[in-house]
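*Asks:* Residue numbers 65 to 210, in our numbering, belong to the letters of the sequence shown in order.
Since the hints were made in silico from the structure, they are not lab data.
Even glycine gets a Cβ: it sits at the ideal position worked out from N, Cα and C.
Taking lysine-lysine and the DSS-like style, the derived pairs with C-alpha atoms no more than 30 Å apart in a straight line are: (1) 157 to 111; (2) 121 to 154; (3) 172 to 157; (4) 157 to 182; (5) 178 to 74; (6) 111 to 121; (7) 111 to 154; (8) 74 to 154; (9) 182 to 172; (10) 154 to 182; (11) 154 to 178; (12) 157 to 121; (13) 74 to 172; (14) 154 to 172; (15) 182 to 74.
Quick list of simulated restraints, FRET-style, between CB atoms: (16) 71 to 135: 20 to 28 Å; (17) 207 to 152: 20 to 28 Å; (18) 95 to 178: 32 to 40 Å; (19) 115 to 178: 44 to 52 Å; (20) 207 to 151: 17 to 25 Å; (21) 95 to 164: 18 to 26 Å; (22) 191 to 126: 15 to 23 Å; (23) 175 to 90: 34 to 42 Å.
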Amino acid sequence: MQDGWVGVIKGRPQVGAFAERSRRTQPQDIDAFAEMTGDRNPLHYDKALAEASVFGKLIVQGGVTSGILNAVVAEDLPGPGSVFLEVSWKFVKAVGVGELITGRVEVKEVRADKPITKLETSVRNQAGELCLTGTATVFTVPLARG
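Using the sequences provided together with the hints, build the complete structure.
*Replies:* What follows is the structure, encoded as structure tokens:
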């Protein structure tokens, strides 16, 4: 069997390996995401309305919450050249503006013949509460020049 991980910058990941990244959400995140997508939901902009809602605060778009996982996958594990093939995410708690979030991926399966990895994914807030949970399948393009 041919090794499908030849040329992958960080090599073949091991089952059980994990990586995390943290960042604090900012009002600019809402503006940037709205500019890209057109998502101008009042829950992201209208403070009085958002505070009177079930959330009790301004919240960032779900894409801002899940976006930290893009960075973990592309930069850390499996690393450069990685793209999502499939995701299954459940948003279980809204993330407010100014909250510190931590994205985590853990390797559950690795194919030997192709650079494909199945990951368990999560995003937690600064209190450690789960905000997003799910899985992702990732393909890692070989980028190393040899």
